[in-house]
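Could you use the hints to bring the two separately framed chains together as a complex?
Here's the letter readout for the chains.
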Amino acid sequence: MANSFTRVMSGRNTAVMLASIGAGTLASGYLLSDSTAAAERKRLYPPSADFPDLRKHNNCMAAALTPTIYGSLRDKTTPNNWTLDQCIQTGVDNPGHPFIKTVGMVAGDEESYEVFSELFDPVIKDRHNGYDPRTMKHPTDLDASKITSGMFDERYVLSTRVRTGRSIRGLSLPPACTRSERREVERVVVTALAGLKGDLAGRYYSLGEMSDREQQQLIDDHFLFDKPVSPLLTAAGMARDWPDARGIWHNNEKNFLVWINEEDHTRIISMEKGGNMKRVFERFCRGLKQVEHLIQERGWEFMWNERLGYILTCPSNLGTGLRAGVHIRLPLLSRDPRFKKILDNLRLQKRGTGGVDTAATGDTVDISNLDRLGRSEVELVQLVVDGVNYLIECEKRLERGQDIKIPSPIPQFRK
Amino acid sequence: MIHEKAIMPFGNTHNNFKLNYKVEDEYPDLSKHNNHMAKALTKELYGKLRDKQTPSGYTLDDVIQTGVDNPGHPFIMTVGCVAGDEESYEVFKDLLDPVISDRHGGYKPTDKHRTDLNYENLKGGDDLDPNYVLSSRVRTGRSIKGFTLPPHNSRGERRIIEKLSVEALTSLDGEFKGKYYPLKSMTDAEQEQLIADHFLFDKPVSPLLTCAGMARDWPDARGIWHNDNKSFLVWVNEEDHLRVISMEKGGNMREVFRRFCVGLKKIEEIFKKHDHGFMWNEHLGYILTCPSNLGTGLRGGVHVKLPKLSTHPKFEEILTRLRLQKRGTGGVDTASVGGVFDISNADRLGSSEVEQVQMVVDGVKLMVEMEKKLEKGEAIDSMIPAQK
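Protein sequence lines correspond, in order, to chains X and H. For the first sequence, the positions run 387 to 801 when our numbering is used. For the second sequence, the positions run 4 to 391 when our numbering is used.
The set of hints was computed from the structure by calculation and includes no laboratory data. Among the hints, a few may not be true.
[To be verified] Listed next, the stretches of chain X that the computed footprint assigns to chain H, with coverage defined by at least 3 CB atoms under 8 Å from CB atoms of chain H:
#	stretch
1	429 to 443
2	566 to 579
3	622 to 629
4	712 to 722
[Unchecked claim] Here are the simulated lysine-lysine pairs, DSS-like style, with alpha carbons at most 25 Å apart:
#	chain 1	residue 1	chain 2	residue 2
5	H	Lys379	H	Lys329
6	H	Lys187	X	Lys442
7	H	Lys206	X	Lys613
8	X	Lys428	H	Lys166
9	X	Lys727	X	Lys791
10	H	Lys308	H	Lys252
11	X	Lys659	X	Lys583
12	H	Lys148	X	Lys428
13	H	Lys206	X	Lys487
14	X	Lys487	X	Lys727
15	X	Lys487	X	Lys659
16	X	Lys736	X	Lys791
17	H	Lys166	X	Lys442
18	X	Lys442	H	Lys206
19	H	Lys35	X	Lys613
20	X	Lys664	X	Lys675
21	X	Lys487	H	Lys187
All residues carry an ideal CB built from backbone N, CA and C; glycine is no exception.
Bound conformation, chain H alone (with noise of 0.2 Å):
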């Protein structure tokens, strides 16, 4: 009997026929497992949610299956869980809520999260010094209301995806006019360009990504747009449907964080025009496909130099209490290279763009006095912050 009811055509479409058989049968075995997700689904919550589906046909399974094929590690826990559509987080609140808030510090099924993108009441941030900080960066995504997201959508919606944000892009004029590049028809010489600059992105080697499906007819409807002046770039079809990414070399972060706000409101207005904002709400901020990235979706971030203070023994502990995060310069999972490393805001969700690149901006500047200060061989004792 051949059964014409496909609603996606790919994923995880066979859940009720799943449901023949019993929970204890299907739930995963997650006892040598250190995510998020494994800490919150119990066997009951599987049961609860196992039979439940998002309009666009994403469940259960979908959203965990990254988790249950990436143990994870014991010293760093990963999400494990991941959104196939703006839905997901209403359908699986259940499972996502307890994850969510086990993520971003407590933050509850009630919270309201605010939005900020007026560059204008950052304070200060245009005097870094360039001697120590090297480059300013600052990303988010965005969803486009009425798709599904990375791990779920169709070649068809990647492609419609890739076109509307191609179509809003183009359109940008003065310092944001610039030029699109898709992944699967640039020259050779492009390609080397954008590696040089830094721009490129590769197809995902990570099996958090690949797992989750994200990965699926690479490198279809992917591509990268940047500006002339090669200072806003915008990565389509990635982990998200538009990564937006504001840098520039040296600590000039206010000016780094105007560009962001100023080119993601146009870019925002061109899409709302055609009746296609971008997903966010009231309790989650702007809808991402990790449950990290909700909130702001934003980190902001300086490649400094550090040499002494990151050897000394309490730099994870002025990290933490300055609510930031290190990483290799070759971003997430990477080690630092010669005493640089990547500083950026830790939190998502619960403050606001700019209060978290505020809290960049004071920490970085307060590190870099340190770093000062033990060149000169004196102690930073004094110096070390209260928990923000």
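Same shape as in the complex, but just chain X (with noise of 0.2 Å):
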């Protein structure tokens, strides 16, 4: 039936006219996909006529973003019907900064990283040093039994936290969810919440209806999250719909948080004051165990594979989407010339006390891991823990009037 619509039916106007009475799905997208509007599209703008102006950007979408890989993948969509222009929207309209590369792509979906793979599989080798997703396999490890050493002197760190994302297979990520998706995210996942006992036991606050009572005790705990208005996130279509379907979840105990439907599906949080980063880490992978089992209950999964870990929205986060960090006070080396050389070589960034793009206050610094992928959660978490403990010996040295050592840099990834 189909197929004797195309034939007898062409037209611009035809299009509009069965555009405009509705006339099903299949008929008017068959025309709309088929010889007419698509075709004539194509014809007028090829892909050189769309190239974006990428000359005064820096950003790891605009180094491996080329004419031909544009032209090759202008035309595709993912099963979901995102565009490659929809992932690159957000390194487009925002260039950079000289000293900052960000990333400049987001996914729409999982099958975003398939279907333009041409495009990201660079820029994930760009930003996370040399992880080729076309030969390299990711290790996910969440046994926080293997962390050593891992309580922090007191004195120096003042709090401690885990973080990483979720995904739920089979919706569309925050780029391009629609609502009934975004809506079901949170279903699933506050449904899931729900079943967790003992010390993860809690409650869920939806951002649109909570009271100005919940609204403020969440700003006193830190916990409230508010709408995008990083031109980096609103740029790629994250912040719409705000507030609908977004949330917070937070145990008890208040040491155990997810975010819903914020830059990813989740964010799941495991902090606490003082520096007992094995508890945190413990709780961390207790926590998401637990819930993935809730959800597989369901019959849902998370978004995961072997090739590039656990899928996110922005490739930064991708493999672990771990940041493990501690809120440290440094004041000596903080101001010492070597103090990035340090961190740098212990793979180790910081960030001011209020989270990426803020400046530290006073002489606290928020010291966490750089890399994402191509090491394990495990591996990740020893990583901090060896280095913080590194920065607070470096410091007490300091204090003593001792010098201290730039150690030797820890090489990239496993032979």
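Here it is as structure tokens:
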């Protein structure tokens, strides 16, 4: 039936007529996808006409995107009809900073990483220090018992935190998701979280419906997330329909919390005051495993594969999606000119105490792992543990007037 | 399975996929919203329109996204929806007609709009007191037929619009001879000058515009053209394909309007010669991105000193009766500075360009008289006009 339609009818006016009478998605979809509109567009606007001007750009996408790659990918879509232009829009709209190289692209769904692999793979390689998704495999290890020396000196470490993200397989990611998909993510996750017991039992607060008092409490606890203002996120469409289906869940003890539908389907956070990284990570792993089990009972699973690990919206968070860190006071070391090099060699990064893109307040800095992909969760947390212990050693040595050494750089990947 | 059926390689392309979900699951939560779209879009209407697309693939969710993301203000009623192409106003008329009617004083789907760009039909307008009227300005927008609009267009389309516009504008001569300054390659000196002249437009920051996708790829294919006399300027690819502005210091609105009409006609002729007329129809007049700018798309106004009148309790009432609106001197959504207001026509659709500018000329003249009276300590109650 669709075939006879396309032979008999053609032309733009017909497409308008059919579209306006809502004549079945199959017929109008067929017409629009067949010879007429799509082919006409391709003829009038070859990929070269649409190729973005990236000459002033400094991000991973701009470094990797050539006219050839664009030409081969522009007219492709994922099964959810997500396109390359939608993946890269955030990188086109945000040229970047000469000192900070952002990623410049996002995934709209799990399949984006496959359909557009010609662009994603070099971007991933660039961002993740040479990890080659075509040849390498990512290890997953959530066995917290393997962590050693995970208790920090609390005269220096004020608080400890581990976060990651998880995406629900079968539903599009925040840049692309429809309202119903986003609401489905909320339903699936909130139902699962309601099954947590013991020290993990807790409650959900929907962003749109929380009371002023609840909101103030969440702000005081440093749990509340806001509508994104960063153009990196808004240009990727992640703030659409705010605050519909967004919310925060946390346990009664206030040391395990889940953000729903912010930059990823879920962000899972384990945190507490003080320096007990081992306990924080143990609760993190236990909570994650239980949530995964609870969603599997209902037939859902997390997005994961062997070459990229856990699939998240931003390629920078692939692999483990894990950022393990501390708020630490290092008054002497943070002023030492060798501080940055020490951090680099330890594969750590510093941020302000407001999180990414904030400045440090006083002497307190946020120190966390740089890497996400190519090393397991256990490896990365151990790396943070060893690195922070080293930094504390340096601080103590500087207090005593002793000299410190820059450690040799940690090798990038296992042989 | 890789599908090769993208039409416009961006935007809300997965509409058919969304239809797998029930209407109630997709219908936006508009319970806290105050804009024209939220008033008109019931769940039933959403269900009726959601499987439709314009030929370029613009969908209902594309139309309304800006209104969903911006719930609005209790005092200010925004439109809450945009068009992605000329056909949006047809395909989604069940939503846009009530929005248009609500926004444009009850304009019916059967009404016809009058276009009149004969500046000679304007009466007076050359004698507004320059002690009060600091500057005069008339602007409108134009969309080029055959291309999609700023919320939806691709880089390729936007660049062709720029190319065609620049060709048309650089062929103008006489009082309209001028130069184009592309945003992405202007020098610092040029930029400073354009800011000093109050010509430069910025990347939109208003979420009303950014949520509608109008700031994509900034500053690619955006630019400003102005004549050597600095009295006629054109913005390319900001909120509309073209915004055409005629302005000068002082109160000679008649001259500003003459130049506006003459310049517009010349530009239109050149576009027509290349088979790219402006989007226009008998019912909606000139087609622009925001339904609030349909009809004439014209905002004719002055910066006028009304420190006494503006504090008079009947100021708002007077403006309403004169069919005028006030803004701050920074334009829409700004506050007034030093008693100086931007006063312009409130109407766009259902009356012609001449009629709207006439209302500004007559209204501002009256308000300046009122201001003078108030300066002398006299009452103005007898001068308050009837509703136009």
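Verification of the supplied hints:
1. 429 to 443: holds (count 8)
2. 566 to 579: holds (count 4)
3. 622 to 629: The restraint on the stretch 622 to 629 of chain X holds, since 4 of its residues have a Cβ under 8 Å from chain H and three suffice.
4. 712 to 722: violated (count 0)
5. H:Lys379 - H:Lys329: Status holds; Cα separation ~24 Å.
6. H:Lys187 - X:Lys442: 10 Å, holds
7. H:Lys206 - X:Lys613: 21 Å, holds
8. X:Lys428 - H:Lys166: Satisfied, since the Cα-Cα distance of roughly 19 Å is no more than 25 Å.
9. X:Lys727 - X:Lys791: Roughly 10 Å between the alpha carbons, so the hint for Lys727 of chain X and Lys791 of chain X holds.
10. H:Lys308 - H:Lys252: Roughly 13 Å separates the two Cα atoms, so the pair holds.
11. X:Lys659 - X:Lys583: 22 Å, holds
12. H:Lys148 - X:Lys428: 19 Å, holds
13. H:Lys206 - X:Lys487: 22 Å, holds
14. X:Lys487 - X:Lys727: Between Lys487 of chain X and Lys727 of chain X the Cα gap is close to 18 Å, so the pair holds against 25 Å.
15. X:Lys487 - X:Lys659: Violated, at roughly 32 Å.
16. X:Lys736 - X:Lys791: 19 Å, holds
17. H:Lys166 - X:Lys442: 21 Å, holds
18. X:Lys442 - H:Lys206: Given pair Lys442 of chain X, Lys206 of chain H holds - Cα atoms ~16 Å apart, limit 25 Å.
19. H:Lys35 - X:Lys613: 16 Å, holds
20. X:Lys664 - X:Lys675: Given that 25 Å is the threshold and the Cα spacing comes to 16 Å, the pair holds.
21. X:Lys487 - H:Lys187: 21 Å, holds
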